[in-house]
Amino acid sequence: MAGPLLILAGPGSGKTRVVTHRVAHMRAQGIADERIVALTFTNKAADEMRARLERLAPGSRVWMGTFHRFCARLLRQYASLVGLRENYSIYDAEDSLKLLREALDELDLELIHATPSRVAAAISWAKNNLIGPEDYEAAVGSPIGSVVAKVYPVYEQRLVAANAVDFDDLLAHVARLLRDNAELRAMLDERFEYILVDEYQDTNLAQYAIVRALSIDHPNLAATGDPDQSIYGWRGATIRNILEFEQDFPSVTVVRLEKNYRSTKCILRAADRLIAHNAERKEKTLYTDNPEGRPVRVVVYPTGRDEADGIAARIANEVAAGLRRPRDYAIFYRTNALSRALERALKSVRMPYQIARGLEFYQRKEIKDILAYLHLLCNPASDIAFLRVINTPPRRIGKTAVAHLKRHAAHHRIPLLSAAREAGLIESLAKRTAVEIARFIALYDAMRLAGDEKVEEVIERVFHHTKYREWVAASDSEEDQQRVENLDELLTDAREFDEAHVEDGGLEAFLEQASLVSDVDDWNTETDRVTMMTLHAAKGLEFPVVFIVAVEDNLLPHERSQEHPHQVEEERRLLFVGMTRAKEELHLSVAQLRTLRGNQNPAAASPFLFELPTDELELVGTLGAGATCVGDWSEADDLPAYDYDDVDMLDTENDFDEYFQDDATPRRKPRSGTRQTRPARAISPLVTAAELVGRQGPTPACSPDSFHPGMVVAHPQYGVGKIVALSGTGVKRSATVQFAGERTLRRFRLAFSPLRPARE
DNA sequence: TATTCGCAAGTTTTT
DNA sequence: CTTGCGAATA
Numbered sequence: 003m004a005g006p007l008l009i010l011a012g013p014g015s016g017k018t019r020v021v022t023h024r025v026a027h028m029r030a031q032g033i034a035d036e037r038i039v040a041l042t043f044t045n046k047a048a049d050e051m052r053a054r055l056e057r058l059a060p061g062s063r064v065w066m067g068t069f070h071r072f073c074a075r076l077l078r079q080y081a082s083l084v085g086l087r088e089n090y091s092i093y094d095a096e097d098s099l100k101l102l103r104e105a106l107d108e109l110d111l112e113l114i115h116a117t118p119s120r121v122a123a124a125i126s127w128a129k130n131n132l133i134g135p136e137d138y139e140a141a142v143g144s145p146i147g148s149v150v151a152k153v154y155p156v157y158e159q160r161l162v163a164a165n166a167v168d169f170d171d172l173l174a175h176v177a178r179l180l181r182d183n184a185e186l187r188a189m190l191d192e193r194f195e196y197i198l199v200d201e202y203q204d205t206n207l208a209q210y211a212i213v214r215a216l217s218i219d220h221p222n223l224a225a226t227g228d229p230d231q232s233i234y235g236w237r238g239a240t241i242r243n244i245l246e247f248e249q250d251f252p253s254v255t256v257v258r259l260e261k262n263y264r265s266t267k268c269i270l271r272a273a274d275r276l277i278a279h280n281a282e283r284k285e286k287t288l289y290t291d292n293p294e295g296r297p298v299r300v301v302v303y304p305t306g307r308d309e310a311d312g313i314a315a316r317i318a319n320e321v322a323a324g325l326r327r328p329r330d331y332a333i334f335y336r337t338n339a340l341s342r343a344l345e346r347a348l349k350s351v352r353m354p355y356q357i358a359r360g361l362e363f364y365q366r367k368e369i370k371d372i373l374a375y376l377h378l379l380c381n382p383a384s385d386i387a388f389l390r391v392i393n394t395p396p397r398r399i400g401k402t403a404v405a406h407l408k409r410h411a412a413h414h415r416i417p418l419l420s421a422a423r424e425a426g427l428i429e430s431l432a433k434r435t436a437v438e439i440a441r442f443i444a445l446y447d448a449m450r451l452a453g454d455e456k457v458e459e460v461i462e463r464v465f466h467h468t469k470y471r472e473w474v475a476a477s478d479s480e481e482d483q484q485r486v487e488n489l490d491e492l493l494t495d496a497r498e499f500d501e502a503h504v505e506d507g508g509l510e511a512f513l514e515q516a517s518l519v520s521d522v523d524d525w526n527t528e529t530d531r532v533t534m535m536t537l538h539a540a541k542g543l544e545f546p547v548v549f550i551v552a553v554e555d556n557l558l559p560h561e562r563s564q565e566h567p568h569q570v571e572e573e574r575r576l577l578f579v580g581m582t583r584a585k586e587e588l589h590l591s592v593a594q595l596r597t598l599r600g601n602q603n604p605a606a607a608s609p610f611l612f613e614l615p616t617d618e619l620e621l622v623g624t625l626g627a628g629a630t631c632v633g634d635w636s637e638a639d640d641l642p643a644y645d646y647d648d649v650d651m652l653d654t655e656n657d658f659d660e661y662f663q664d665d666a667t668p669r670r671k672p673r674s675g676t677r678q679t680r681p682a683r684a685i686s687p688l689v690t691a692a693e694l695v696g697r698q699g700p701t702p703a704c705s706p707d708s709f710h711p712g713m714v715v716a717h718p719q720y721g722v723g724k725i726v727a728l729s730g731t732g733v734k735r736s737a738t739v740q741f742a743g744e745r746t747l748r749r750f751r752l753a754f755s756p757l758r759p760a761r762e
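In this note's numbering, the protein residues as written are 3 to 762.
In case anyone wonders, no lab produced these hints; they're calculated from the structure. One or more of the hints may lead you astray.
[Claimed, not checked] Derived DMTMM-like pairs (lysine to aspartate or glutamate); straight-line CA-CA distance at most 25 angstroms:
no. : residue 1 : residue 2
1   : Lys367    : Glu510
2   : Lys261    : Glu282
3   : Lys267    : Asp291
4   : Lys349    : Asp330
5   : Lys585    : Asp291
6   : Lys401    : Glu438
7   : Lys261    : Asp330
8   : Lys17     : Glu345
9   : Lys585    : Asp274
10  : Lys267    : Glu613
11  : Lys286    : Glu248
12  : Lys349    : Asp530
Just so you know, these numbers come straight off a predicted model, no measurement behind them.
With the hints as extra help, turn the sequences into a complete structure.
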């Protein structure tokens, strides 16, 4: 059990199993739980590991959690060593950015090519690379560099003054702590005698420094990772950490796990071929005893909307047929923005889904407002929290009043809350405003913490004194009604937290948890829903059926990663990670037209697709002709029914393209030369196409003859438009319509569409 | 001072 | 298309 260990584990190789068994074994050897720490990247991974360990070794008290949590905990204990108090606040990205803006304002710097968020990114980079404000030298030629060099120290100083840290500080402070305090380092090295690190390929320099410092006297560091799954380079992760492990720990034992227990041979082969295109890579052979499985399917759709509809229809069909359950499916995408179309499509077939985005709850305005009150109660020095709540709900304390408070605070080097206490002494402040501020202080004091309270009680007190709930409820907008519900949910959350943390609870711990939850964490395996998430969030998970959408150039690889070859390699690894999540079926898709930030653009298939073993794929549509189909469809006189890729899933025939046509997105037949595989596979007669698209059957109430060019028509979904052209006869009689506010034209089969003449 | 409206900007991935 | 920020108005 002793000595350094490196586990190079391919995807699906049972790494978690190995790690948990190792921990269980350590305990069996008599190693005390308190000496073992398992560090993961996400809370989700930690939970998973904890659950598995619980099965092997019930009642274990081995600490498992994320790096950030681990550091937050250490920092509570040794805050004074880095100039903080133990009740420090953790600022999330939004708070940090606000503080940075404050600092920028204070310095009155000219931001010509540097936006605050760019500056924030630069500071974040510096912190992750353990470059302090004093060490930061303006990067030559970078317009941001000089700004950063000036702001960084001020920003940092403001953080300390506010008794706060940002995410990166959690790591950076602890790393510095360990570097500068030899005795403490030795003590902690002893205390955390056995350290396990998951996803070691994703650790950055700060994280490396931490585990390295804790593994000097007791070099029992066990790291698991896979260089091929390194996808956080942009966040400062260095693959070097894993590649140089053997140099850091010469006595290391290296274990390779190359056998895959997850995916079919087809999927694994495709993924393996893809990743082989990376130049910066350690060779690795993946193999499996699993069955061959179905070929990886690559589908080309006319538009992103068709893509979403196609996937939704396929899932709905298979679920209705009883072949699978919603939870068997996952849909991955490169950017969050791509989830919208999918949501819409899944809703329209009434398919339950969940998006891994737990973070959003704590990001909501109303929730952040309440949390800001809590933060301020916990840490009166937190200026950002003060600024957030001073006039929320409105108390007639506006910009100018706050400006005066700020000046006073800066002058006396005191927190804003303290400045507010002295409002009466600030001459420039209007009498009435000073009174309002005094009332706020009275309010604050009335909410003060009283020792061992339940979080729920504190929140209720905040509600009671601030009348925040009533303020939100007073509005009659639907949005605000939802807000009230969210506030109730926060209360529920707090209650659950109180119940789950009888011993280690408290407001601080609650706030820490609220700051450190992530997207994936909220994702629930229990519920029977289709899962949607980004490719990054998918790491570590697995699903029977995986769809990866928008495998297109400039999206995957992302356009902003195409400058450097090594960034493109990271994008390739990202796709690799996504593909290897699939156990049984893998679907990749591409659209010829992709709507992004409001407008449609021609899209081309990702170069990565051409790196897959094409003869093994099931290709629906044509790759590489991305842009050629664009824009000319309206010239096709008799629009051929698009061979909808999911049509083959239905047992009845032919009528379906009409139904699909009905939703009016222009579709083109894929170009010839395509290998069209059409398994004659009949699925359930239980689903009608109408149910599939969540709509009633055709109701041709108007004679196709009653339409003429130039006529104004109405569509229940698209609204009012004008007929640009008519073509075809009989059931093929179609109208091309320009809807108000839409740039693109839509075509309908009159016999089947709900299109009606409109009154002018 | 508060609210509303309009415009502009920026949009990868996350603890 | 969204979000955030700033200006104009009540």
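Practice prompt. Enumerate the violated hints, using their earlier numbering and listing them in ascending order.
Written response: 8
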